[in-house]
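K.L.:
Below, each chain spelled out in residue letters.
4 protein chains.
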Amino acid sequence: MFDEIHDECGVFGIYSNKQENAKLTMYGLFAIQHRGQESAGIATTDGYGINYHKDMGLVSSVFKDEKTFDKLKGNIAIGHVRYSTTGDSEVVSAQPLVIRHSKGDLAIAHNGNLVNTGVLKQKLEEQGSIFQTSNDTEAILHLIARSLEDNIEDSIVDALGQVKGAYSILFMTNDKLIAIRDPLGIRPLVIGKIDGDYVFASETPALDLIDAEYIREVEPGEMVVVDSNGLRSEKVFFKEKTAKCIFELIYFGRPDSNLFGRNVYLIRKEIGKQLAREHKIEADIVIPVPDSGISAAIGYAEESGIPFEKGIMRNHYVGRTFIQPTQLDRELGVKKKLSPIADVIKGKKVIVIDDSIVRGTTSRKIVKLLKKAGAKEVNMLIAAPPVVAPCYYGIDMPTRKELIAATHTLEETKKYILADYLGYLSVKGMHKAIRTEKNEFCDACFTGKYPIKFPDM
Amino acid sequence: MFDEIHDECGVFGIYSNKQENAKLTMYGLFAIQHRGQESAGIATTDGYGINYHKDMGLVSSVFKDEKTFDKLKGNIAIGHVRYSTTGDSEVVSAQPLVIRHSKGDLAIAHNGNLVNTGVLKQKLEEQGSIFQTSNDTEAILHLIARSLEDNIEDSIVDALGQVKGAYSILFMTNDKLIAIRDPLGIRPLVIGKIDGDYVFASETPALDLIDAEYIREVEPGEMVVVDSNGLRSEKVFFKEKTAKCIFELIYFGRPDSNLFGRNVYLIRKEIGKQLAREHKIEADIVIPVPDSGISAAIGYAEESGIPFEKGIMRNHYVGRTFIQPTQLDRELGVKKKLSPIADVIKGKKVIVIDDSIVRGTTSRKIVKLLKKAGAKEVNMLIAAPPVVAPCYYGIDMPTRKELIAATHTLEETKKYILADYLGYLSVKGMHKAIRTEKNEFCDACFTGKYPIKFPDM
Amino acid sequence: MFDEIHDECGVFGIYSNKQENAKLTMYGLFAIQHRGQESAGIATTDGYGINYHKDMGLVSSVFKDEKTFDKLKGNIAIGHVRYSTTGDSEVVSAQPLVIRHSKGDLAIAHNGNLVNTGVLKQKLEEQGSIFQTSNDTEAILHLIARSLEDNIEDSIVDALGQVKGAYSILFMTNDKLIAIRDPLGIRPLVIGKIDGDYVFASETPALDLIDAEYIREVEPGEMVVVDSNGLRSEKVFFKEKTAKCIFELIYFGRPDSNLFGRNVYLIRKEIGKQLAREHKIEADIVIPVPDSGISAAIGYAEESGIPFEKGIMRNHYVGRTFIQPTQLDRELGVKKKLSPIADVIKGKKVIVIDDSIVRGTTSRKIVKLLKKAGAKEVNMLIAAPPVVAPCYYGIDMPTRKELIAATHTLEETKKYILADYLGYLSVKGMHKAIRTEKNEFCDACFTGKYPIKFPDM
Amino acid sequence: MFDEIHDECGVFGIYSNKQENAKLTMYGLFAIQHRGQESAGIATTDGYGINYHKDMGLVSSVFKDEKTFDKLKGNIAIGHVRYSTTGDSEVVSAQPLVIRHSKGDLAIAHNGNLVNTGVLKQKLEEQGSIFQTSNDTEAILHLIARSLEDNIEDSIVDALGQVKGAYSILFMTNDKLIAIRDPLGIRPLVIGKIDGDYVFASETPALDLIDAEYIREVEPGEMVVVDSNGLRSEKVFFKEKTAKCIFELIYFGRPDSNLFGRNVYLIRKEIGKQLAREHKIEADIVIPVPDSGISAAIGYAEESGIPFEKGIMRNHYVGRTFIQPTQLDRELGVKKKLSPIADVIKGKKVIVIDDSIVRGTTSRKIVKLLKKAGAKEVNMLIAAPPVVAPCYYGIDMPTRKELIAATHTLEETKKYILADYLGYLSVKGMHKAIRTEKNEFCDACFTGKYPIKFPDM
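Chains as they are written, first to last, in our numbering: chain A, 168 to 624; chain B, 168 to 624; chain C, 168 to 624; chain D, 168 to 624.
Among these hints, one or two may not hold up.
[What the hints assert, rightly or not] Computed cross-link-like contacts, SDA-like style, restricted to lysine to any residue with a CA-CA straight-line distance of at most 20 angstroms:
{"#": "1", "chain 1": "B", "residue 1": "Lys513", "chain 2": "A", "residue 2": "Leu376"}
{"#": "2", "chain 1": "A", "residue 1": "Lys270", "chain 2": "D", "residue 2": "Asp317"}
{"#": "3", "chain 1": "D", "residue 1": "Lys513", "chain 2": "C", "residue 2": "Ile382"}
{"#": "4", "chain 1": "D", "residue 1": "Lys238", "chain 2": "A", "residue 2": "Gln200"}
{"#": "5", "chain 1": "A", "residue 1": "Lys290", "chain 2": "D", "residue 2": "His483"}
{"#": "6", "chain 1": "C", "residue 1": "Lys234", "chain 2": "B", "residue 2": "Tyr381"}
{"#": "7", "chain 1": "D", "residue 1": "Lys503", "chain 2": "C", "residue 2": "Ala509"}
{"#": "8", "chain 1": "A", "residue 1": "Lys503", "chain 2": "B", "residue 2": "Thr614"}
{"#": "9", "chain 1": "D", "residue 1": "Lys231", "chain 2": "C", "residue 2": "Lys234"}
{"#": "10", "chain 1": "B", "residue 1": "Lys440", "chain 2": "A", "residue 2": "Thr300"}
{"#": "11", "chain 1": "C", "residue 1": "Lys535", "chain 2": "D", "residue 2": "Lys503"}
{"#": "12", "chain 1": "D", "residue 1": "Lys360", "chain 2": "C", "residue 2": "Glu205"}
{"#": "13", "chain 1": "A", "residue 1": "Lys502", "chain 2": "B", "residue 2": "Thr614"}
{"#": "14", "chain 1": "C", "residue 1": "Lys502", "chain 2": "D", "residue 2": "His483"}
{"#": "15", "chain 1": "B", "residue 1": "Lys535", "chain 2": "A", "residue 2": "Glu380"}
{"#": "16", "chain 1": "B", "residue 1": "Lys599", "chain 2": "B", "residue 2": "Thr614"}
{"#": "17", "chain 1": "B", "residue 1": "Lys231", "chain 2": "A", "residue 2": "Val485"}
[What the hints assert, rightly or not] For each label pair, taking beta carbons as the anchor points, the in silico distance ranges come out as:
{"#": "18", "chain 1": "B", "residue 1": "Gln494", "chain 2": "D", "residue 2": "Gly214", "range": "35 to 41 angstroms"}
{"#": "19", "chain 1": "B", "residue 1": "Asp317", "chain 2": "C", "residue 2": "Gln494", "range": "26 to 32 angstroms"}
{"#": "20", "chain 1": "B", "residue 1": "Thr493", "chain 2": "A", "residue 2": "His483", "range": "51 to 57 angstroms"}
{"#": "21", "chain 1": "A", "residue 1": "Ile361", "chain 2": "D", "residue 2": "Gly214", "range": "31 to 37 angstroms"}
{"#": "22", "chain 1": "C", "residue 1": "Gly214", "chain 2": "B", "residue 2": "Gln494", "range": "33 to 39 angstroms"}
{"#": "23", "chain 1": "A", "residue 1": "Asn396", "chain 2": "C", "residue 2": "Val485", "range": "57 to 63 angstroms"}
{"#": "24", "chain 1": "B", "residue 1": "Lys238", "chain 2": "C", "residue 2": "Thr574", "range": "29 to 35 angstroms"}
{"#": "25", "chain 1": "B", "residue 1": "Thr493", "chain 2": "D", "residue 2": "Ser228", "range": "44 to 50 angstroms"}
{"#": "26", "chain 1": "C", "residue 1": "Gln494", "chain 2": "D", "residue 2": "Lys231", "range": "15 to 21 angstroms"}
Treat the hints as calculated values from the structure; they're not laboratory data.
Here the structure is a predicted model, which is why all the values come from computation and not from measurement.
All C-beta atoms, glycine included, are put in the ideal place defined by N, C-alpha and C.
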């Protein structure tokens with residue numbers, strides 16, 4: 168399962184005269200909670216300085232105290248949810264980052280990852296900058312602060328012009344909400360409208376939840392500014408191609424998201440159909456690994472005519488608060504989360520559809536569970552091509568060494584996970600299912616072809 | 168959705184020489200967490216007195232501190248999860264209840280509800296008993312304490328002989344683990360084996376999680392005693408019929424549960440098929456209200472040939488910690504939990520399958536969401552007969568007045584929930600799908616025919 | 168220091184038409200927090216049933232959420248703070264205990280300890296009673312419930328007539344607040360008036376804090392009933408002598424308490440003077456072990472003419488939340504709480520006055536600290552006679568074996584604690600300072616002469 | 168009472184090969200907890216990067232989890248406690264601040280306040296610096312990072328050479344612990360030794376608690392560096408005079424502190440004597456407002472011959488966790504903390520000694536309490552001169568407008584607080600008691616004569 172892979176962020180912003188901008192932002196973040204579950208934060212301005220609250224934890228926990236909203240007043244708000252990598256779990260690194268610099272107060276909420284941070288930081292440090300977090304984001308703020316441009320918008324363009332990598336960013340000053348997306352459009356960012364006011368979000372369910380209307384994506388390389396004069400937009404960076412993250416469609420996006428102009432559920436279902444075309448297997452039932460394999464399994468069943476069944480049950484009470492593991496706890500492992508429905512499985516030739524094989528250990532445990540439940544045959548199909556290369560644009564993956572598909576043949580992997588059959592979606596099939604246009608997506612994690620060179624590595 | 172209806176308990180017990188009986192019990196409770204989410208508790212004995220820990224909250228929260236297990240040593244352990252009705256959320260009422268009486272220490276974990284508690288309590292109070300909780304369970308303990316029988320087993324039989332209602336109970340003394348089920352077998356209770364030792368649980372997933380083997384149900388009216396001599400069993404109450412709770416199959420049981428000898432998922436899928444036979448509708452897609460409508464929707468799709476689709480997405484981050492509601496919070500209502508996938512719904516004649524209509528307000532919101540998402544037609548099918556009568560045997564339902572099916576005609580209900588079609592499963596169809604044997608189930612909530620007379624009402 | 172000795176309870180009750188009875192009770196409890204720091208609880212009635220909230224922790228923590236008071240409405244309220252002995256820290260044992268019995272709802276808040284609980288419990292268990300806590304208090308409730316008297320007041324008298332030991336109790340029914348004190352008057356209990364309404368409390372500072380006027384003590388053996396007809400009183404138990412707990416004056420009472428008709432501070436100061444008369448020592452300064460030795464040290468200084476100095480500082484940040492001890496933590500021991508002021512001590516002959524020597528280990532550490540700070544001579548005087556016998560009436564003391572004064576001679580103790588001189592207050596001197604009337608006090612902990620025989624031991 | 172005035176920080180640092188440097192630092196901070204109760208933090212290094220943990224709350228709460236220490240390993244540690252002014256209570260502003268800059272990793276713990284931060288920040292912002300906190304401290308880090316000096320020590324000297332104001336700072340790099348104090352020596356900072364290793368602390372009780380030996384103060388303008396070569400020191404800033412904060416002796420310092428070469432308790436006692444010389448009053452008793460007036464009251468009593476009494480009792484259970492105030496809560500006000508001992512006060516001419524009158528409201532309440540307790544006369548003496556001017560060097564005081572002594576005459580103040588007599592210590596008397604040397608202390612808060620000019624105001 169892709170559980171071992173993490174996005175790093177989701178962002179939400181609103182400019183409106185509503186009383187409850189901070190709370191609407193909280194709901195926006197809540198709807199994209201899946202994009203980052205380690206910290207959450209909201210910054211607001213009433214035109215006279217920026218207030219913020221951020222902490223480690225889920226949105227519902229960081230903002231559980233109604234009193235928190237008392238200090239988060241104002242007509243602009245931006246918010247952020249974050250997955251933080253181990254070892255940097257101090258709240259100092261949570262976003263929005265809020266700073267004061269020569270052009271005034273500035274808050275930033277950033278989704279994405281830069282690839283030239285090392286070079287940039289070194290240069291900035293040589294010029295006397297200090298870094299308080301391990302965020303890439305801080306480098307952007309330094310570049311803005313050091314820009315010789317005399318207004319914030321030009322400074323932002325100046326700064327981001329020096330940056331390589333993925334970013335969908337919301338900036339907030341005392342009187343402006345600014346959204347900008349990198350020239351390749353790697354991470355998503357959409358614009359919505361609510362009662363004539365503008366909102367921005369990483370994914371459309373954030374709009375849906377607060378009853379905002381989806382307008383369009385922020386374009387790759389586009390900067391959108393909302394202030395008292397309304398919304399204006401400018402294309403500030405130009406590339407002849409884009410490199411939208413195909414992984415957002417494959418794994419991160421919520422099924423009800425409209426991502427890069429496509430509905431995520433329907434894309435995944437189509438992937439299931441494609442899988443059926445590529446892997447014709449004689450079997451009694453098709454079952455998903457819940458929840459992420461469900462869409463593809465429905466598609467596979469529809470295309471193949473093999474009945475779709477619920478063969479594994481997911482326990483949603485598994486949470487972060489679980490006690491420190493003893494030996495017994497570790498043995499139970501994936502069983503705490505997934506349990507087979509033996510009466511469905513017993514004596515059956517099963518096709519089980521998962522979204523991925525990362526290290527292989529989880530897949531191995533799932534196959535074992537199914538066999539123990541009496542499956543006659545376990546055919547595992549993966550609704551994505553093999554993950555063979557790490558991502559440098561904002562997705563936290565295991566290293567290449569840990570990726571089983573990068574280090575083992577298909578046959579070896581099949582053996583390791585104890586399956587009777589193992590099949591991946593082909594890269595070509597993936598693009599067909601997604602209806603990729605020319606130069607539209609980055610598929611580096613599946614192909615190793617990176618759309619941006621890395622000065623850092 | 169049946170979210171508005173709550174079971175009151177789940178129980179788990181183990182007798183073994185394992186070091187980690189308390190932790191195994193915690194995992195057992197974790198697997199049946201859906202049966203009670205308000206409090207959790209575990210009592211253990213090492214032969215010299217009973218220790219326990221219980222508190223309000225989920226299992227993972229009540230037992231999040233590893234140190235808690237330090238005082239929960241011993242070769243016998245019983246545990247309990249509970250749904251507590253409003254107004255009695257003090258931990259004093261959480262179970263296991265642990266008492267000292269003339270025959271020694273005794274702990275009890277009780278799933279079910281008695282119908283003659285009022286009469287019993289009055290009689291007991293007249294004899295000088297005091298009640299510290301609002302639990303039925305306390306009355307049972309008083310009856311045991313007052314029994315003239317000179318050993319605990321006979322006292323239990325004596326006490327329960329005076330009780331009417333539903334109970335699946337685990338008792339623990341300093342050296343015995345005793346399981347007993349009411350003569351009608353209303354609530355479930357199963358026996359499992361792990362490395363030669365015995366465990367008991369409300370549902371089989373508790374056995375599965377800890378790798379215990381399912382042996383059989385505790386029979387209606389059977390008392391099973393485990394002590395240093397092993398397991399022995401005696402049928403202590405006799406009835407010519409049983410009255411197993413059909414609602415456990417319809418709603419409470421986990422899909423992977425083996426309940427009353429049936430797999431819950433397969434029963435619900437069969438209900439979906441039966442629904443298809445009873446309600447032939449021309450439609451483009453069949454979608455479930457997740458998670459509870461999924462099994463029936465799969466069955467309906469299979470039987471009718473209409474494609475199964477994921478049309479509504481469920482947000483599992485919704486939890487108890489959410490902030491106190493303001494007006495905005497209330498408006499968002501069910502949307503925080505459920506969101507339609509518009510691209511699936513748009514322009515379609517939709518069959519949406521839910522597990523129930525209780526008050527009608529939630530169904531109305533779901534139909535509205537689907538229409539707003541562009542559904543051409545919303546046909547709602549309910550994978551259960553109308554709930555027309557409250558339960559007195561351990562399920563916390565709204566009163567008859569609040570049950571829309573008890574107070575409105577089908578046509579009125581359809582109008583209220585704004586659906587184009589509304590159909591319930593027939594009572595006969597339900598029994599057919601479940602393959603009910605003669606005199607096997609209590610279906611009072613659907614028929615008003617109560618298997619036990621109530622002295623109390 | 169007497170820190171190693173704990174009282175078990177404090178009680179507070181109010182009958183008034185004020186809106187904020189529960190909150191006044193909280194403040195009352197807060198003022199007697201020193202009497203019990205492990206759990207706190209409040210029960211209220213509006214005439215239709217009893218609501219309550221209780222939990223482990225300090226008053227300010229158990230009642231930190233304003234919402235808690237929403238369910239604690241009504242014109243009668245009683246509250247309780249408790250020190251719970253190790254091994255019984257479950258909230259089930261916290262008070263008030265609230266029960267339902269044949270004569271209706273009843274809540275109890277009890278300060279004191281019974282000496283015939285064992286006998287009573289055995290008899291009650293034989294008659295079929297069950298015990299859910301390890302409280303003595305529960306036995307009283309059983310006796311009331313079993314009483315054949317047909318009203319609650321007579322039942323209480325009937326029940327307490329069978330009980331031996333110390334009790335100052337507040338009972339609350341749906342319409343009555345009842346205060347009663349054991350015939351020997353062992354534990355304190357006072358009556359106050361606030362705006363024409365009545366309050367009861369263990370100590371007078373609870374009255375002072377809420378601006379209630381002190382009226383008088385509840386008399387030994389007196390029952391005071393407050394209901395809609397006002398206050399009425401009856402002497403229900405008669406003894407020719409009393410046995411007020413002298414330890415309340417010596418140690419427990421707040422200095423600003425008016426206990427048994429005496430101001431605690433002035434009594435302790437007089438004890439200091441008496442100590443000066445009994446132990447004439449040539450020294451440069453008199454210093455107290457803060458805070459408990461302060462009053463006596465002031466008296467000693469005044470009587471002896473030796474200057475009073477602050478020679479030891481107490482760190483009030485020491486609290487319960489401190490981390491689990493490692494070796495380092497244990498080494499720091501008493502130093503976390505007490506630190507000498509070296510410039511005051513250095514080169515001086517010091518008289519240090521503490522309230523007690525219990526095990527001797529703390530005194531030894533204090534002497535060491537003072538010597539390390541440069542004291543030329545450390546003369547330790549104890550503002551109480553040696554504690555030689557445990558208390559059975561509500562004070563939790565170490566066992567006789569652990570009491571250094573019960574097992575070692577004065578000379579041995581002096582040697583062990585490393586002091587140059589060690590002197591206790593004489594029993595006779597204590598009574599002189601306290602102006603004891605004939606048959607007024609129980610001084611069993613200092614003399615071993617117990618005023619009540621114990622059927623239990 | 169000076170409760171309304173807050174210091175901003177305390178610091179502690181250690182360089183040693185001990186296993187438990189972080190824990191020793193925790194104890195060091197615990198001993199100076201009174202210097203800052205809003206946040207606490209510790210940073211450590213094992214030579215390869217800096218780890219830290221900081222959070223809002225008391226030391227015992229921020230470090231209550233033993234696991235926190237697992238990531239705080241290494242041979243150098245620095246810690247910080249902080250009082251944070253309202254509106255900046257985000258943990259981002261807690262210290263130590265930990266940064267990465269061109270010369271490597273750096274952590275800082277700063278006690279004091281700069282007066283040219285505004286100017287510095289503006290200049291730094293113009294050069295492109297960004298500020299993430301409202302701390303002065305951040306400006307120092309920017310100056311260090313921008314310094315053209317090529318080692319950290321010279322960079323620190325370069326940076327602090329541009330800074331005006333009060334600072335006692337501990338810096339930590341991967342291999343050095345650096346202590347530095349501003350040229351006027353405004354805030355204290357001492358050196359201690361433990362088993363041959365060096366420690367630094369704001370006050371000596373931090374040394375005492377961990378059994379470190381007091382060596383000497385860090386001199387004004389001195390930089391002390393500890394690394395693998397041991398300790399070396401350099402005087403880096405020179406001033407012909409010092410401006411030690413006299414308020415540290417008057418109010419902040421712990422009585423057992425050795426501050427600026429003086430024992431705090433003895434200084435305060437001497438102040439009491441001086442007060443007696445300046446204000447000869449006929450009275451029956453001298454009582455302190457606890458705890459801060461105790462030392463002076465002892466001195467006054469000794470000098471005047473009027474008996475010292477404990478006339479007011481302080482409740483130490485008052486803490487931060489108290490519930491949100493309702494009207495009733497506000498009315499109780501200071502009574503929750505202070506209660507008079509009526510039997511001591513009644514009918515007496517009382518001299519009550521407090522440490523200060525800030526706004527006057529608290530003093531007024533105290534006088535009222537004493538009168539209500541029966542005092543015939545209340546003479547209030549203040550163990551400090553009137554506070555007439557705010558502090559800009561690290562003490563958070565009310566504004567000049569709020570200081571009653573800055574806006575009212577002595578007579579007006581006396582009337583407002585309802586006292587029969589009101590007397591302050593004279594400035595001259597204060598210096599006499601403290602044995603001030605020429606040009607030693609800053610007494611600006613009492614005289615308005617500021618030792619440093621403020622570019623910022």
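K.L.:
Which hints from the list above does the structure break, by number from lowest to highest?
P.N.:
2, 4, 5, 6, 7, 8, 9, 10, 11, 12, 13, 18, 19, 20, 21, 25
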